[in-house]
Amino acid sequence: MNKKASWFDYMNVLILTLVVVACLYPFIYMTAVSMSGSGPITQGKVWLYPVDFNLDMYRYVFEDGRILTGYKNTLIYVTLGTACSLLVTVLGAYPLSKKQMIFQKPIMLMIVLTMFINGGMIPTFLVVRGLGLLDSIWAMVLPGLISTWNLIIMRTFFLSIPKELEESGKVDGLSEVGILFRIVLPVSKAVIATVGLFYAVGIWNGFMAPMLYLRSDDLYPLQLFLRNIVLSSEMTGSGAPIQGNIVVVEIAMKYAAIIVSTLPILCVYPFLQKYFVNGVMIGSVKG
Amino acid sequence: MRHGILNKKSWIAKVRQDRYLLLLVLPCVLYYLIFKYGPLFGIVIAFKDFNLHRGIWESPWVGLKWFSQFMNSRDFWPVLKNTFALGFMKLLFGFPAPIILALLINEVRHVFFKRFVQTVSYLPHFISNVIAAGIMTMFLSPRNGIINDLISLLGFDRVNFLVEESWFRTIYTSSEIWQHLGWSTIIYLAALSTIDVQQYEAARLDGANRWQTTWNITLPGIAPTVLIILILDIGKVLEIGFEKVYLLATPAVYSKADIISTYVYRVGLSEGNFSYASAIDLFTGLISIIFIISANWASRKINGNSLW
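If you read the sequences in order, they're chains C and X. Counting with UniProt numbering, you get residues 1 to 287 for the letters of the first sequence. Counting with UniProt numbering, you get residues 1 to 308 for the letters of the second sequence.
Just so you know, these hints were derived from the structure itself, not from any lab. Hints may contain errors.
[Stated by the list, open to error] Under the rule of at most 25 Å between Cα atoms (straight-line distance), these lysine-lysine pairs were calculated in the DSS-like manner: (1) X/K81 to X/K65; (2) C/K98 to X/K14; (3) X/K256 to X/K236; (4) C/K163 to X/K14; (5) C/K72 to C/K99; (6) C/K105 to C/K170; (7) C/K274 to C/K170; (8) C/K189 to C/K274; (9) X/K236 to C/K170; (10) X/K256 to X/K244; (11) C/K274 to X/K14; (12) C/K99 to X/K14; (13) C/K105 to X/K14; (14) C/K163 to C/K189; (15) C/K45 to C/K105; (16) C/K45 to C/K98; (17) X/K81 to X/K236; (18) C/K45 to C/K99.
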């Protein structure tokens, strides 16, 4: 075999390195700026690592009550929402993986159809409003309870579990529910972790649902506050002459807010990576 | 043959036999009925003069009034044009990008480097649209954005990207690609891994070089996957994400950034014109369905691959 690196290999490594830099550098840069002193930031000295290291910005971010309220609310929504979503998805996907079950086909059809047709923003809003969910915790849980994509991933996984395993449970006298909880779920930890991560990230990052369905500040999740902190005060017009230092502090604080709110996801995802890659592949092999 | 007409008795017996399974699936079915099919009935308000206090059924019918009002309004063409332009730009650049990246990653022999590239490229997919829009806004800021710092370092004039409408589409499209490029490669890499290695060895023995094996083995190998994703993407041309556009748009660039979903939000929820907004939503939904059906039909005609 020809092991010698050709010019193509060098180009390839170069291009892929550029991709890596594009994906990684913004986070490195933001971390560096958020931890630097205002002097070096003004002089444009911060590129890769913090200069004049300090954590003041993080103190400001946490002293600003909005981030803490948002964090608390988001944690509640993510925990409650992921738990409810996972439960209903598992309970739904298991019967739907039984091809001999009565109504299995019509229910599947009903579910898949919703991927192509939907009522749209206003009719959905009216349903949520009609149910009296507006401005409540449940508005963050129920309207997005199931993602069809996640349900299909889960069902496809259940389909791939050998029949013999479930039959052995039946021989031992387990009911369908018993088989699900004692036999199927213990071998499905990987797919549960994947789907759980998808739900959790979706709720953590969600912006549109809270914007549509929540009214009061004390229910706002992190993303809504983040939008006010990061985006709205940014003056993009002609740029009123603002004192150098204040602008710089503002930008460092915004970066700190971004880092603080993204950190949990960035910490979790490398560990779950090998699971979710499988999850996406299962989902793509349509059942 | 056992199928045929089930008589009533065996039908009930079957339900009774599957009762626990049916009970398990019930919450899921209820969810779809309430939150997915419920809104479908709400679509009738597109044909009514809906009034929150009178409710859906009491409001008077107005036929196609809202549709014709939309089509005759000043906003119709700009909004439709912006939606199509953003959608097609995303398709044009965003669709091939992950295929190219997957092919490049596939050519890497160094396993650790390969893993590293993949892991890092998924990263932006996990950040929220608020943060993605925030990063774009701050990095492009004319005062102290890093991109403009770089531009001025290279001796050019700073560009005020965010208020120049000619930049909006480029900014939106590149931020979408940046966010989802790595993630979209997963499916193509999976497809690549199913190609039989022996084909490459055979081709190499016949003296094929890298380009030739890529062209004759790799690309045909992933073609079915590519086509399915293409059909799905074409169906989604009009479904540009609301969040990102809404967050990135500043009043200065509305003429290029106002798309159907942000328009629906503005006239529907902010101004309370529910019927008008629903009519627009329905209108786009129908175009999307036409899109996906045509793409599917075309793909089946061309080479027999299709979604259904």
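Evaluation of the provided hints:
The hinted pair formed by X/K81 and X/K65 meets the criterion: a straight-line CA distance of about 22 Å does not exceed 25 Å. A hinted pair counts as satisfied when its Cα atoms are at most 25 Å apart, and C/K98 with X/K14 qualifies at roughly 13 Å. The suggested pairing of X/K256 with X/K236 holds, with an alpha-carbon distance near 20 Å, which does not exceed 25 Å. Restraint check for C/K163 and X/K14: the C-alpha separation of about 21 Å stays at or below 25 Å, so the hint holds.
Restraint check for C/K72 and C/K99: the C-alpha separation of about 42 Å exceeds 25 Å, so the hint is violated. Taking the CA atoms of C/K105 and C/K170, the gap is near 24 Å; set against the 25 Å cutoff, the hint holds. Between C/K274 and C/K170, the direct Cα distance comes to roughly 32 Å. Violation of the 25 Å bound is thereby established for this hinted pair. A distance of roughly 13 Å separates the Cα atoms of C/K189 and C/K274; the hinted pair therefore holds under the 25 Å criterion.
For the proposed pair X/K236 and C/K170, the alpha carbon gap of about 44 Å is over 25 Å, so the pair is violated. Proximity of X/K256 to X/K244 is assessed by CA-CA distance (about 14 Å); at most 25 Å being required, the pair is judged to hold. This hinted pair does not check out: C/K274 and X/K14 have alpha carbons roughly 41 Å apart, beyond 25 Å. In summary, the hint linking C/K99 to X/K14 is supported, as the alpha carbons are separated by about 13 Å, within the 25 Å threshold.
Our distance criterion of 25 Å between C-alpha atoms is met by C/K105 and X/K14, whose separation comes to about 14 Å. Between C/K163 and C/K189 the alpha-carbon distance is near 18 Å, which keeps this suggested pair within the 25 Å criterion. Distance hint between C/K45 and C/K105 is unfulfilled; the C-alpha atoms sit about 63 Å from each other, more than 25 Å. About 62 Å separates the Cα atoms of C/K45 and C/K98, which puts this hinted pair outside 25 Å; it is violated.
Pair hint X/K81 plus X/K236 holds up; C-alpha atoms about 16 Å apart against a cutoff of 25 Å. A C-alpha spacing of about 63 Å is found between C/K45 and C/K99, which places the hinted pair above 25 Å, so the restraint is violated.
Consistency note: the structure conflicts with the earlier hints numbered 5, 7, 9, 11, 15, 16 and 18.
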